[in-house]
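Undergrad: Bring the two chains, given one by one in their own frames, into a single complex with the hints.
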Amino acid sequence: MAQSLDDISRQLKKRHRKSARMKWLSMAALILAGTFLLVFLGDMLVKGLPAFQQGYIEVEVDYSERAAELPLAAVEADYRDLVSRGYLRLIPGRMADDESLLGTTQTEWVLADDAVDQYLKGRKARLKDKQIEVLDRLAEEGRAELRFNTGFFTNGDSKLPEMAGLASAAMGSVLVLIVTLAFAFPVGVMTAVYLEEFAPDNRFTRFLEVNINNLAAIPSILFGLLGLAIFINFFGAPRSSALAGGLTLGMMTLPIIIITSRAALRAVPDSIRQAAFGVGATRWQTVRDHVLPLSMPGIFTGSIIGLAQALGETAPLIIIGMIAYIPDAPTSFTQAATVLPAQIFTWAGMPESSYVERTAAGILVLLTVLISLNVTAVYLRKKFEHRW
Amino acid sequence: MGRLNIAASADDRPDDRQRSAIDKTEPAAMQTDQILMTFFAGVLFLGVLGFFLGRSKAARVRASGTPMHSQPDQYAWFTVLSAAGPAMVVAMLAAIVLGLFEDVFPGWLAVVGALGLGAFGLFVGLSRVRPELRARDSLEGAVKWVLVGAASISILTTFGILFAIVFEAIRFFQMESFWYFITGTTWAPGDSFLEGAGRGDGLPEASNNFGAVPLFAGTFMITVIAMLVAVPIGVSAAIYMAEFAPSKVRDVAKPVLEVLAGIPTVVYGFFAAITVAPLIVSLANSVGLDASFNNALAPGIVMGIMIIPFISSLSDDVINSVPNAMREGSLALGTTRAETIRSVVLPAALPGIISATLLGVSRALGETMIVVMAAGMRPNLTGNPLEDMTTVTVSIVSSLTGDNEFESAATLSAFALGLVLFVITLALNTVSVLMIRRFREKYAVSNL
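Going down the list, the sequences are from chains S and B. Just so we're aligned, residue 1 is where the first sequence starts under this note's numbering, counting upward by one. Just so we're aligned, residue 389 is where the second sequence starts under this note's numbering, counting upward by one.
Keep in mind the hints are simulated off the structure, nothing from the lab. Do not rely on the hints blindly, as some may be mistaken.
Derived lysine-lysine pairs resembling DSSO-like cross-links, with alpha carbons at most 30 Å apart [as the list claims (entries may be wrong)]:
1) S:Lys383 - B:Lys445
2) B:Lys642 - S:Lys23
3) B:Lys445 - S:Lys23
4) S:Lys23 - B:Lys532
5) S:Lys18 - B:Lys636
6) S:Lys121 - S:Lys159
7) S:Lys159 - S:Lys128
8) S:Lys159 - S:Lys130
9) B:Lys445 - B:Lys532
Coverage of chain B stretches by chain S, computed from C-beta distances (three or more under 8 Å per stretch; other residues unrestricted) [to be verified]:
10) 510-519
11) 642-654
12) 807-815
Pair by pair, the computed Cβ-Cβ distance ranges are [to be verified]:
13) S:Ser332 - B:Val485: 39 to 45 Å
14) S:Ser372 - B:Ser452: 54 to 60 Å
15) S:Ser332 - B:Met765: 33 to 39 Å
No residue lacks a Cβ here, since even glycine has one placed at the ideal position from N, Cα and C.
The shape of chain B in the complex, shown without the other chains (with noise of 0.2 Å):
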């Protein structure tokens, strides 16, 4: 290393300063690493014990000839589960009682503890398997109880991500004006560090530079553009492939248009940024108009690219499966085609093209990536798509990514945006869901 600085040219320095960061954190995190193994260890091997010695002891109670309840295998995971079930419990607790309050007892403790009573459960276990122990029902239970414990960490998630982001939420709102925060104009969080710093002189009263709405006005001018993209188009190919294309188009057509789901969003970033934007630009130029590279006219284009496989696919299936009497009898009536579809078949299938839309405007708020990459970052309010705009994604990312402290308004002003985020998205899921329901029922259709 010492060497190789002589040669070093100014590019060096800071993969040098990484490492060294790296190196001071490692201690810490081999010591969890090493508890972990132990841990993980000692489980497995009083798992693999009382296998062993459960099964053993229930083959030689039953070639003695006594009738037992359950199989020897059953026996052996009664044992096993009555030593790792307590063991892993312990362990969890701990580890939540660990996160909550920091050292209040070292990790090996925790450790031992979980390993001593999973000795011991072992023990009991042991002593319990008899001819009379029902052990097929109890691991029937075991594992109903597992199963359920399983269930329940999707709920944890989903309360996990609104206690997160609502705590801190709360705490910047203590600091910030809630009601400044929905109508205020003026986004400058570094401002607010200006003035923790005591250098805010000059600028405007404090408490001011946390007004969402340019960010909200961005987020909202990028969804229009990406659903003026995706709903015409998406709807028509829908219409195409369900109402006039011959089944083979059919079977190749959908999966080419999930591809355009597929492709990561960061690949839709890049794309918007040095493809699409330049020819914005240049287009803009040719008419005389005044065209920033950070439009947001290219992330809105290429999101609505994105979201046509999303738009069209619930939309495809959602017409198929109006009933063809519908249409049949139209057809009989002596309409065409085109306006059987525009005046009986589209009709039935709104609530459905309606609810894929809505899931098209969930994502289009949410994506984040083609916009950190494509949008501006200047909170900007205004109504021309060839401007600089950022959104709320991107607010989100660059107050998480500086250097802010975690503590600061600036940062935590990325979990009130980010509550503002989960409370539209999950309404417009909702009402998704609600409109996609209703048509399943006046239709009983049983496949969506």
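The following block holds chain S by itself, in its conformation from the complex (with noise of 0.2 Å):
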């Protein structure tokens, strides 16, 4: 069948459009990708950005006898549902601390109930009427207006809203994070120098390759059941506590740390080790003062990136029981602790709305806290790579 010159380069021109329409769909998905990443920042940050500050009012507290029995008291009564029902529990420890507060009157800024705290951010709130209207005068005279919020990183959980803060489950989260890096390290670099440097090739050494790169694709939730079944109900080890959380979290980071060492040993070249054997030096002596030191930066890079993963982990230490409410930031690795990602499960079902702008602020740190992360294990990539 004979065609025109026309017919041909008609065909042609639809299938360089045809092309063309593949290169910018393809395009378009990527982008649309990486919409997905901006709209979510966006969206955090445009949630959790207000909780970084919080609202104060100013009274006069009347440090009074009664005061001390009944802290309802020290408040006037038309402000008494505007201030922040923590801060007046707190009342009666500190005239007991301090005994040269009682029978005086001074005027305090004080910490705001969060319906006040919601109200004076531009949101609806629940107050009544005449709260607004006492509330609106406050701002008129500059007696009310919105703090940067300091509680939010030294307090700890609160059924309060405008008491909660992350610092016990920061604590909890480095806790937490030792004890994973404490029993994944080590074993994660002696499996990865021992597959790299020691093992023969055989049949076990070829089993243990393949657990590794099954136990790294194994659901995180799994690893919860063998906590769980292990180490609480076999060893013992105290429910909730940081070091049960934290053996968990390293068998889930161990895969990481060995796959990532080694690729580090295997980075080194063989003219090293080849050197040291020539001038007598044993297996071990060859790793230990030659292929370790220079697969280090290696190693630790490939350590944070497991660590971070660990720290946003959260299904398996559901499962072991560190969602409990803790106010008092844990002090030993056998009490009952909670981690950051727990302590935002926990807050993102409360039913409190003003909880919904803490638990998106709560993601912001902890973002923050894992790119920060991310970047040293890069940047520490960088500096110390070494091409040979």
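TA: The structure is reproduced here in structure tokens:
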């Protein structure tokens, strides 16, 4: 069938158009994925940033005998509902600590109730008309304002939204990660050293490799079942403790550290090993004095990435009970503790709407920590990377 | 505390209760703490002592002019190992025995025994430090066994997971029918509790409360939605990065996509529940459909976004590893870029893309936080993604966080579900690994 030149060039044009269409479509997919990320981050910023400010109001606090018995009496009736109940509860304790307060009346900036806080941020709040009137007057007189929310970083969890903070969860996360690292780093590096430097190519070694790859792909929640059945029910580690949580996460982090450490060890050229053998070093001396020091940056990078993953993990920790209500920061590895993502999970389930912004703010803090960990890892790799 | 309570509102009571619960568990925990601390301090002391005694003895011998096989430091480490090694082994055995049979002997006895043996080992090791002892070789052997031991931990972990799950799952299937678990359509663990309490009158007959089909259906639905989002976007993005994009774009785009994979799942769960689900409800309402706030669509879509980088990253690597000669051969025949990609590159890369997809599916099946936060709790056998559905992982979490006793069927059902999850994800991973290996062998690629 003869085709005219016009036909052919028309066909060609069509084919090129099709090709261009594929390029734009696939580019659109990439842009779409990037847009998801931006929308997500934007959403978290919009929801979470307000929580870094907290409403305070200026009231006269009357430290009378009666206030020591009934803290509500310390504040004028009009303002009573506007002040945080958490603040009022602390008054008797403060009066007991500081005798000179008794009988004085002081004008203080005090933490406002979360409804007031929400109203000051321009949201709907469950306030009565009369309270709103009082609050508007206070705001006009400059006696109600938003300040930086230090409590968010220094308080533990609380059932009062305005008092709730991340401190105890952050402490819990630190304890858990210490246990995780103490378990997964030595075991992971030793496994990697064995596989790369010592292991003969036999059935055990191959089984080990398959096993490590499978371990990396097991859903995290199953590690929680392991932690529950082995560490808590079998070895009797205290439930909800940083010890049980850290070991569970350690088992999860293990394959990541092994895989990245192996890559780092493999990157060290054989000439280094041969030079060491050549002067009579044993295998262990070669590894200890030459191969390991050279691969340490890579191993650290992998470990930091593994830690970042462990820091964001929630599901296995829920299974072993680390979603308990922890108002005070834990001080030992066997105390009940909670971690940052578990705290976020708990707040996300709270009925009060003011927890939403706290949840998002907690997410922002968690993401900041994760990003800085990852940036550190990338920086380490860039700085110490050695091209042989 | 007492004074505070005068002002305590209803809010205050839970934390008091919590505190006292913690206080109660404290003594036993503190004892374990002390025992562990004593043991490690003892081992450390023996080790340091062994190091210095061994080295000084070796140095003395060498100073006297006798030629020795190894360096003094190696004799020192030999002594350390002969002291700390037996102590560690005994302590580990004691811990396992104490875990198996509670309170057969007090914990301090194990510490005394282990440290005593360590001291004995120190003595024996020290007496063996002689010129003809090949300390370096012994050390080399010991190091190797320590490394083998460390490597075995990952195997132990896998078997630990397997045994923990299988053991408890068998106990569950002794109570409930396995067949009904696989094929039954009623999932009502709460009813089994009522039956246990003798209040099961009027409920469906016993052992018919654990039919997991609605959970499988929910998991399947959410996974399908996630893959419908992740596969087209992930593969297209990979095609763009590997075939069209300038290398600068690729260098930026790849890490940006990986950020999506690095975001904790609890964060995605919050995003799905707070932002995406209401959006879907209002969209559905605007076209006259009825949607639940716990609809399956929201967690599915968000899970899909999370999985995009898993698929795009591996697919990108695979497409990149398709030999360039194939591309060039095709282009030389006069095909366009798109035609080359569609009829040469993609077919070649297909095993790798399928492998990436299977890994994505296994991620989606095991994903927990997104569905716990955004999907429903009601087992619901439906084909409508706008209704609320629950999944296997949600049921595992809810049965283990409830107030049920550990021995109850409701709690043990978590392990049966875990077993199903374990088997399916393991199968998916194995197939995925096999496919990628076939691809690797066919095109002799070494970096996958």
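Undergrad: Starting from S:Lys121, check that the Cα of S:Lys159 is at most 30 Å away, please.
TA: holds (21 Å)
Undergrad: Given the hint of 54 to 60 Å, check if S:Ser372 and B:Ser452 actually sit that far apart at their C-beta atoms.
TA: Between S:Ser372 and B:Ser452, where Cβ atoms are some 57 Å apart, the hint holds.
Undergrad: Three or more residues of the stretch 510-519 of chain B near chain S by CB distance under 8 Å?
TA: Coverage by chain S is violated for the stretch 510-519 of chain B (0 residues, Cβ < 8 Å).
Undergrad: Decide if the proposed pair is consistent with the structure: S:Lys383 and B:Lys445, CA atoms, cutoff 30 Å inclusive.
TA: Not OK: S:Lys383 and B:Lys445 at ~44 Å, beyond 30 Å, violated.
Undergrad: A range of 33 to 39 Å was offered for this pair. Does it hold for the Cβ distance of S:Ser332 and B:Met765?
TA: Holds, at about 35 Å.
Undergrad: Quick check: the stretch 807-815 of chain B, covered by chain S? Criterion 3+ residues, Cβ under 8 Å.
TA: This one holds; 4 residues, not fewer than the three required, reach chain S with a Cβ under 8 Å.
Undergrad: Quick check: does the Cβ-Cβ distance between S:Ser332 and B:Val485 fall within 39 to 45 Å?
TA: For S:Ser332 and B:Val485 the Cβ distance comes to about 25 Å; the hint is violated.
Undergrad: Regarding the pair B:Lys445 and B:Lys532, is the alpha-carbon distance no greater than 30 Å?
TA: Cα-Cα ~26 Å, so holds.
Undergrad: If you count the residues of the stretch 642-654 of chain B with a beta-carbon closer than 8 Å to a beta-carbon of chain S, do you get 3 or more?
TA: holds (count 9)
Undergrad: Between the alpha carbons of S:Lys23 and B:Lys532, is the straight-line distance 30 Å or under?
TA: violated (54 Å)
Undergrad: For the pair supplied as a hint, B:Lys642 and S:Lys23, confirm whether the alpha-carbon distance does not exceed 30 Å.
TA: holds (17 Å)
Undergrad: Going straight from one Cα to the other, do S:Lys159 and S:Lys130 come out at no more than 30 Å?
TA: Status holds; Cα separation ~26 Å.
Violated hints for the displayed structure, listed by number in ascending order: 1, 3, 4, 10, 13.
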